[in-house]
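Colleague: Here is how the chains run, residue by residue.
There are 4 protein chains.
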Amino acid sequence: MGVPFELNTMIVTKGNETREEENLFKLTKEGYRLYPIDIPIEVHKTIDSESIGTAVILKVEWEREKTTIIYRLNSLNSTN
Amino acid sequence: MGVPFELNTMIVTKGNETREEENLFKLTKEGYRLYPIDIPIEVHKTIDSESIGTAVILKVEWEREKTTIIYRLNSLNSTN
Amino acid sequence: MGVPFELNTMIVTKGNETREEENLFKLTKEGYRLYPIDIPIEVHKTIDSESIGTAVILKVEWEREKTTIIYRLNSLNSTN
Amino acid sequence: MGVPFELNTMIVTKGNETREEENLFKLTKEGYRLYPIDIPIEVHKTIDSESIGTAVILKVEWEREKTTIIYRLNSLNSTN
Numbered sequence: 001m002g003v004p005f006e007l008n009t010m011i012v013t014k015g016n017e018t019r020e021e022e023n024l025f026k027l028t029k030e031g032y033r034l035y036p037i038d039i040p041i042e043v044h045k046t047i048d049s050e051s052i053g054t055a056v057i058l059k060v061e062w063e064r065e066k067t068t069i070i071y072r073l074n075s076l077n078s079t080n
Numbered sequence: 001m002g003v004p005f006e007l008n009t010m011i012v013t014k015g016n017e018t019r020e021e022e023n024l025f026k027l028t029k030e031g032y033r034l035y036p037i038d039i040p041i042e043v044h045k046t047i048d049s050e051s052i053g054t055a056v057i058l059k060v061e062w063e064r065e066k067t068t069i070i071y072r073l074n075s076l077n078s079t080n
Numbered sequence: 001m002g003v004p005f006e007l008n009t010m011i012v013t014k015g016n017e018t019r020e021e022e023n024l025f026k027l028t029k030e031g032y033r034l035y036p037i038d039i040p041i042e043v044h045k046t047i048d049s050e051s052i053g054t055a056v057i058l059k060v061e062w063e064r065e066k067t068t069i070i071y072r073l074n075s076l077n078s079t080n
Numbered sequence: 001m002g003v004p005f006e007l008n009t010m011i012v013t014k015g016n017e018t019r020e021e022e023n024l025f026k027l028t029k030e031g032y033r034l035y036p037i038d039i040p041i042e043v044h045k046t047i048d049s050e051s052i053g054t055a056v057i058l059k060v061e062w063e064r065e066k067t068t069i070i071y072r073l074n075s076l077n078s079t080n
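Protein chains in written order, with my numbering: chain A, 1 to 80; chain B, 1 to 80; chain C, 1 to 80; chain D, 1 to 80.
Since the hints were derived computationally from the structure, they do not count as laboratory data. Among the hints, erroneous ones may be present.
Identical copies carry no separate label here, and so any pair may be met within one copy or between two of them.
[As the list claims (entries may be wrong)] Capping the alpha-carbon separation at 20 Å, the derived lysine to aspartate or glutamate pairs in EDC-like fashion look like this:
(1) K59 with E6
(2) K66 with E6
(3) K59 with D48
(4) K59 with E42
(5) K66 with E30
(6) K45 with E65
(7) K66 with D48
(8) K29 with E61
(9) K29 with E63
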């Protein structure tokens with residue numbers, strides 16, 4: 001009778017993000033994930049790759065065992 | 001640099017819910033609230049009032065320091 | 001790079017609790033579980049059995065993929 | 001009837017940590033805080049200061065509206 005969650009501290013896109021606007025992206029992940037909202041976090045393409053920049057999550061949605069986030073990409077790391 | 005949220009174990013409507021469909025309701029609360037999704041929980045009109053029935057939350061959204069839930073009211077307590 | 005945990009809304013003892021004092025009990029469960037602390041929650045022996053009473057969790061510990069709680073059993077349901 | 005938590009993504013010591021062993025530290029913070037356990041996170045002396053290194057939290061305890069963590073400091077940033 002518990003609800004499985006995963007605490008996430010960064011965004012790992014795996015290239016699945018879609019651009020909504022200028023620097024606003026949407027990403028859906030499997031399972032219920034608890035993300036830090038409203039504060040800057042790192043964005044990675046894969047878990048093992050370097051950070052591609054920082055973003056702020058503006059919205060989190062949990063439904064049907066999926067989590068969808070809307071995030072604003074704030075800065076890109078120059079080497080990327 | 002933390003994100004305040006509130007762990008909630010029941011739905012307290014305060015009469016602010018809106019009916020979306022037959023037995024499907026929508027409720028927006030202040031702040032970020034972590035609700036048990038997909039499992040039956042109690043619904044109360046106020047914190048101190050008796051349970052009016054049980055519901056299952058189908059969707060939770062966090063945005064702009066508000067939490068919106070969609071829930072299906074499953075059973076009404078007969079004394080109500 | 002996420003941390004799996006389970007949101008729990010009640011205590012399910014499965015008979016594994018140990019008595020620490022008068023009405024104070026200790027229970028260790030597998031995995032990391034987020035429990036409502038400091039507020040009354042239901043205690044069940046199994047997920048499907050009736051509530052045996054209400055308790056307030058006073059302490060929660062996460063370590064080595066286990067969760068240990070200390071709870072005070074407040075009231076016993078009379079039919080038990 | 002909710003339980004206030006704060007989602008934390010890093011350790012901010014404010015110099016309040018105590019050394020338990022070689023590179024093992026203990027830190028108590030006000031309120032209930034949800035920390036990522038078992039994975040590397042950044043350690044800062046203050047919110048605004050540079051990271052002083054990375055650590056892995058080995059234990060989290062919530063009791064009496066305080067959170068105590070035990071963490072292993074893994075690497076120190078060379079410029080510190």
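Colleague: For each hint, tell me whether it holds in the structure or not.
Modeller: Each hint, compared with the structure:
Taking identical chains as interchangeable, the C-alpha atoms of K59 and E6 lie at most 20 Å apart whether they share a chain (17 Å) or sit on different chains (17 Å). Taking the closest pair of Cα atoms, K66 and E6 come within 20 Å of each other both inside a single copy (11 Å) and across two copies (15 Å). Taking the shortest alpha-carbon separations for K59 and D48, neither the intra-copy value of 25 Å nor the inter-copy value of 25 Å comes in at or below 20 Å. When the C-alpha separation of K59 and E42 is checked against a cutoff of 20 Å, the pair qualifies only within one copy, where the shortest distance is 16 Å, while the shortest distance between copies is 24 Å.
Proximity of K66 and E30 under a CA criterion of 20 Å is satisfied intra-copy only: 5 Å inside one chain copy versus 23 Å between copies. With identical chains, the CA atoms of K45 and E65 are never at most 20 Å apart, being 22 Å at best within one copy and 28 Å at best between copies. In the homo-oligomer, the alpha carbons of K66 and D48 never lie at most 20 Å apart, since the shortest distance is 23 Å inside one protomer and 27 Å across protomers. For a Cα distance limit of 20 Å, the shortest separation of K29 from E61 qualifies both inside one copy, at 10 Å, and across copies, at 15 Å.
Taking the closest pair of Cα atoms, K29 and E63 come within 20 Å of each other both inside a single copy (11 Å) and across two copies (18 Å).
Of the numbered hints listed earlier, those contradicted by the structure are 3, 6, 7.
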